[in-house]
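Enquirer: Now for the letters of each chain:
There are 2 protein chains.
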Amino acid sequence: MKATVHVTLKNGVLDPQGKAIEHALGALGFAGVDQVRQGKFLELELTETDREKARAQVTDMCEKLLANTVIENYTVEIEG
Amino acid sequence: MKATVHVTLKNGVLDPQGKAIEHALGALGFAGVDQVRQGKFLELELTETDREKARAQVTDMCEKLLANTVIENYTVEIEG
Chain A
1 MKATVHVTLK NGVLDPQGKA IEHALGALGF AGVDQVRQGK FLELELTETD REKARAQVTD
61 MCEKLLANTV IENYTVEIEG
Chain B
101 MKATVHVTLK NGVLDPQGKA IEHALGALGF AGVDQVRQGK FLELELTETD REKARAQVTD
161 MCEKLLANTV IENYTVEIEG
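Here the protein sequences come in this chain order: A and B.
Residue 18 in my numbering sits at position 18 of the first sequence, and the numbers go up by one each step.
Residue 167 in my numbering sits at position 67 of the second sequence, and the numbers go up by one each step.
With a cut-off of at most 27 Å between alpha-carbon atoms, the simulated DSSO-like pairs for lysine-lysine come out as follows: (1) Lys2/A with Lys119/B; (2) Lys19/A with Lys164/B; (3) Lys140/B with Lys40/A; (4) Lys140/B with Lys10/A; (5) Lys119/B with Lys10/A; (6) Lys2/A with Lys140/B; (7) Lys102/B with Lys40/A; (8) Lys40/A with Lys164/B; (9) Lys64/A with Lys119/B.
Keep in mind the hints are simulated off the structure, nothing from the lab.
Whenever a hint applies, use it, and build me the whole structure from the sequences.
Expert: Structure representation (structure tokens):
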């Protein structure tokens, strides 16, 4: 079973990496970019076959390791 | 108009960050994790209002800056 996790910075948290990309795009001549936010994207291959158990397991992983819940939000999707 | 970009390592390209997460999950007692791959996730706010033009612009950004196409794949989604 495959799980995908998106970890994004919470609104209001400064995103220096996103700002750097925004400026680099401007320097390359791309106009019309208002904001860039960068996040992390994780693909996990799990042996768990039960959808709900897999979701609970991955949520637990996010809380304990994958996301810093003080400044980051996460979403979990289970596929297949 | 909002665009989301996923940048992932191509298959066969070593992902040390993913490996580190995999090991850390194992050390925390999470069993049954076969593989972890980490990628980047970007959210862009564009002033462009035409869907196809926005997609072309973001694809161009990926080719020029956002992804290293030698080792990375990217997908572009346009929303709203």
